[in-house]
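Chains as they are written, first to last, in the working numbering: chain P, 1 to 408; chain G, 1 to 408.
Calculated directly from the structure, the hints in this document are not laboratory data.
Among the clues, some could well be false.
[To be verified] Distance windows between CB atoms, simulated:
{"hint": "1", "chain 1": "G", "residue 1": "Pro129", "chain 2": "P", "residue 2": "Asp169", "range": "31 to 37 angstroms"}
{"hint": "2", "chain 1": "G", "residue 1": "Ala170", "chain 2": "P", "residue 2": "Ala170", "range": "52 to 58 angstroms"}
{"hint": "3", "chain 1": "G", "residue 1": "Ala87", "chain 2": "P", "residue 2": "Glu372", "range": "34 to 40 angstroms"}
{"hint": "4", "chain 1": "G", "residue 1": "Gly233", "chain 2": "P", "residue 2": "Pro103", "range": "58 to 64 angstroms"}
{"hint": "5", "chain 1": "G", "residue 1": "Arg158", "chain 2": "P", "residue 2": "Arg202", "range": "58 to 64 angstroms"}
{"hint": "6", "chain 1": "P", "residue 1": "Glu372", "chain 2": "G", "residue 2": "Pro129", "range": "57 to 63 angstroms"}
{"hint": "7", "chain 1": "G", "residue 1": "Ala87", "chain 2": "P", "residue 2": "Glu356", "range": "30 to 36 angstroms"}
{"hint": "8", "chain 1": "G", "residue 1": "Gln97", "chain 2": "P", "residue 2": "Ser309", "range": "42 to 48 angstroms"}
{"hint": "9", "chain 1": "P", "residue 1": "Arg360", "chain 2": "G", "residue 2": "Asp69", "range": "36 to 42 angstroms"}
{"hint": "10", "chain 1": "G", "residue 1": "Arg275", "chain 2": "P", "residue 2": "Gly405", "range": "42 to 48 angstroms"}
{"hint": "11", "chain 1": "P", "residue 1": "Asp76", "chain 2": "G", "residue 2": "Lys213", "range": "50 to 56 angstroms"}
{"hint": "12", "chain 1": "P", "residue 1": "Asp76", "chain 2": "G", "residue 2": "Gln97", "range": "29 to 35 angstroms"}
{"hint": "13", "chain 1": "P", "residue 1": "Thr176", "chain 2": "G", "residue 2": "Val352", "range": "36 to 42 angstroms"}
{"hint": "14", "chain 1": "G", "residue 1": "Met58", "chain 2": "P", "residue 2": "Gln65", "range": "57 to 63 angstroms"}
Glycine residues also receive a C-beta, built at the ideal position from the N, C-alpha and C atoms.
Okay, here's what each chain looks like letter by letter:
Number of protein chains: 2
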Amino acid sequence: MNEQPATSNLPGAVSGRAARLASIPSFQRVNSYLRDAGTRRKSRSGGSDFTFGNPHQMPADRYVQTLRDALTPQNDQWFAYQTNGDAAREAAAQSLQLLLDVPFRPEDIYLTTGGFAAIALALKTVGDPGDEIIYSLPPWFLYEPLILEAGLVPVKVRVQKETFDLDLDAIAAAMTERTRAVIVNSPNNPTGRVYPPDLLRRLAELVETASSKLGRRIYLISDEAYNRIVFDGLRFHSPVEFYPHTLLAYSYGKTHLSPGQRVGYLALPPTMPDRDMMEPAITGLQVAMGWVYPNALLQYALPELEKFSIDVGQLQRRRDRLTDELGSMGYRVRRPEGSFYMYVPSPVPDDVAFTESLARRDVYVLPGVLFETPGFFRISLTANEDMIERSLPAFEAAIEESRHGLAT
Amino acid sequence: MNEQPATSNLPGAVSGRAARLASIPSFQRVNSYLRDAGTRRKSRSGGSDFTFGNPHQMPADRYVQTLRDALTPQNDQWFAYQTNGDAAREAAAQSLQLLLDVPFRPEDIYLTTGGFAAIALALKTVGDPGDEIIYSLPPWFLYEPLILEAGLVPVKVRVQKETFDLDLDAIAAAMTERTRAVIVNSPNNPTGRVYPPDLLRRLAELVETASSKLGRRIYLISDEAYNRIVFDGLRFHSPVEFYPHTLLAYSYGKTHLSPGQRVGYLALPPTMPDRDMMEPAITGLQVAMGWVYPNALLQYALPELEKFSIDVGQLQRRRDRLTDELGSMGYRVRRPEGSFYMYVPSPVPDDVAFTESLARRDVYVLPGVLFETPGFFRISLTANEDMIERSLPAFEAAIEESRHGLAT
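Chain P extracted, bound-state conformation:
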């Protein structure tokens, strides 16, 4: 290494924006849990890991074979730059059309490196620094960093405590002249609630009325990462069916339980007004945000990936087993209707203490404090059957202990 000029001690090692992001409390907590989870995974086996929506069984052969097939080059441009690939867009549009009964076209699909990028793309397409984004607690814990990175202002409201439904009055009360979008997440992470169509219709009316009253369009951003993960034959409904100013964010990472592979999209309904402005804005951002298009291989695989999913019936059986068993132990479990998660009231008000009591018994769940709603804990149904069976005595012992006061 060559000689270095003397380094003077000058202010401003990192940007204010980066420093602020690094200091978001909920983000720091999640990061610390992520690190701990990695350490735990390396240090031991035999525990029951209900923390993150990660796989705990080998990937499906069909998933691997699909990628293997897509890897075989069919022309000299196989690994050239890819933007919104035609075949991928067409397959995604057809699939979404079937799911939602909305006539999506290929040009309505903007491919991204997964759900995070799709949500960030939606936020930046409609929001300017200082604009407010409303979302409901408990939320996916990474809305806040995405909103702050975009220079936007998070505005948080509570959901209905008993039903886990959106609290429309709270959303209406939170709206101001700076409101630019409301994030809707159904099937919900962490509550597992799938919002009924009537609720979505009333939300659409509320947002339309507020837009008119405030003199500015308020968008819905529909985070539908779990829209294929619904139980009991329930039909999923999307806000996009009720409100044309909806940006729909989707990720294949849930449908195939492969969150480390990055492919998803932002979709606009064909009825979205102002398409002539919206389209160049989105394609510009896809590049300027750091080329957020999914890689070539995943684009080629996408039409085949649309044809299958993980075993949703297996998730449902896990949900039933845990709901029944925990219910009979005295946990007040609300049976989730979709997503990977159950959001369970903690038997004691201090959810962190309770999750630590479970952790001492090798059962790992996430405390509600990570979702800004203390007093709950989240269970991920991506834990495998062995983990679930092994966990039951621990769940029983922990609630029993809680009745006599937790050891700390």
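Dock chain G against the given chain P, drawing on the hints supplied.
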């Protein structure tokens, strides 16, 4: 589809930031060229495509086999969320250590979805909205959208016209109290220049002096996407060898001529001061920018990808063939020392007219106007040998025609 509430015509279809990005002139020109290139590719074969750094020969078997091997799941977490994977970081650090003789460690490597994301990550790590970023013309044409998306201000200076070296006086003159970083791109796109160590040393001194004088740290952002693509046995030198406040952006997309696969990194030298602030800032941004970590498959492949590259000798032979032939026709070609590109003075001042004259002869190059330096055109050496041989009569005819006045 359900009934929709009436849509009132309200202001603000897209954000101001998105609208501004969509309207950057150089960006629009590049986008329009990209679209045309796609159309051209579909509509005809037999032309010589020297436009973008895309492959025009089948992918290497070893590249495909490396990804195939990485696809085989070795545990149930194979496609789980991946952040800065240990094995990938270690391989990248070792390789960079060999290349630059700088003792990079695994924890100095922050993995990204390619070079765009690495540059965006660097910009946002050090720059706050309103901060100025200096770079030299002709530039890679997407610095401007990345800088603007980050809320930063592009400040452009010219390189030395004859040598294509950085104009240090121009850089010094452009510095203000808002200057936060200088982007350095060597081997350079589009000029093919590899900056000599003495120039980099003087640049380091200049930036250190300016930082002290202005009372604020000015960073270098070293865009080294082509640092493995150098000719004639030349040794590549990085700014990171001379200035510890350098953020190094790298992409595997050039080394393997697979720009549609997205993997790269941002690296900090071990001597970078203020690491305790820098590290959480970068990892926070990796998530908040939209989860810019490369996907699981490419992370697993990375250690093997470090062991080979495209045939740089073949690129060098193409460079020689084109330099010699075009030179003998009367083009004033400067022989590039690295990268994929040759930047050739247009025989007539109107580079767009000249490239159109070539296009009428089925030879496609990019006009200097796309690089904000009219009077040149760029040739990509990723065109194959057939394309090169077929192009020679067209280059000859076009320069001949230019001597008598171009047809328009």
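Legend entry - C-beta pair Ala87 of chain G, Glu356 of chain P: status relative to the range 30 to 36 angstroms that was hinted: Roughly 32 angstroms apart at Cβ, these two residues keep to the hinted range, so it holds.
Legend entry - C-beta pair Gly233 of chain G, Pro103 of chain P: status relative to the range 58 to 64 angstroms that was hinted: Distance hint for Gly233 of chain G, Pro103 of chain P holds at roughly 60 angstroms.
Legend entry - C-beta pair Arg158 of chain G, Arg202 of chain P: status relative to the range 58 to 64 angstroms that was hinted: holds (60 angstroms)
Inset, instruction - Take the C-beta atom of Asp76 of chain P and the C-beta atom of Lys213 of chain G, compute their distance, and say whether it sits inside 50 to 56 angstroms. - result: Given about 52 angstroms between the Cβ atoms, the range holds.
Inset, instruction - Using the beta carbons of Pro129 of chain G and Asp169 of chain P, state whether their distance is inside 31 to 37 angstroms or not. - result: About 35 angstroms separates the Cβ atoms of Pro129 of chain G and Asp169 of chain P, which means 31 to 37 angstroms holds.
Inset, instruction - With 57 to 63 angstroms as the target window, see if Glu372 of chain P and Pro129 of chain G comply at their CB atoms. - result: Violated - the Cβ-Cβ distance for Glu372 of chain P and Pro129 of chain G, about 27 angstroms, lies outside 57 to 63 angstroms.
Inset, instruction - Indicate whether the distance between the beta carbons of Arg275 of chain G and Gly405 of chain P respects the range 42 to 48 angstroms. - result: Once the Cβ atoms are compared, 44 angstroms apart, the range 42 to 48 angstroms for Gly405 of chain P and Arg275 of chain G holds.
Inset, instruction - For Ala87 of chain G and Glu372 of chain P, compare the CB-CB distance with the range 34 to 40 angstroms and indicate the outcome. - result: holds (35 angstroms)
Legend entry - Ala170 of chain G versus Ala170 of chain P beta-carbon gap, inside 52 to 58 angstroms or not: Holds, at about 56 angstroms.
Inset, instruction - Kindly confirm whether 57 to 63 angstroms is satisfied by the beta carbon distance between Met58 of chain G and Gln65 of chain P. - result: Because 22 angstroms falls outside the window, the suggested range is violated.
Inset, instruction - Starting from the range 29 to 35 angstroms, see whether the pair Asp76 of chain P and Gln97 of chain G falls in it by beta-carbon distance. - result: Once the Cβ atoms are compared, 34 angstroms apart, the range 29 to 35 angstroms for Gln97 of chain G and Asp76 of chain P holds.
Legend entry - Distance restraint hint 36 to 42 angstroms, applied to the beta-carbon atoms of Arg360 of chain P and Asp69 of chain G: holds (41 angstroms)
The structure shown violates the earlier hints numbered 6, 13, 14.
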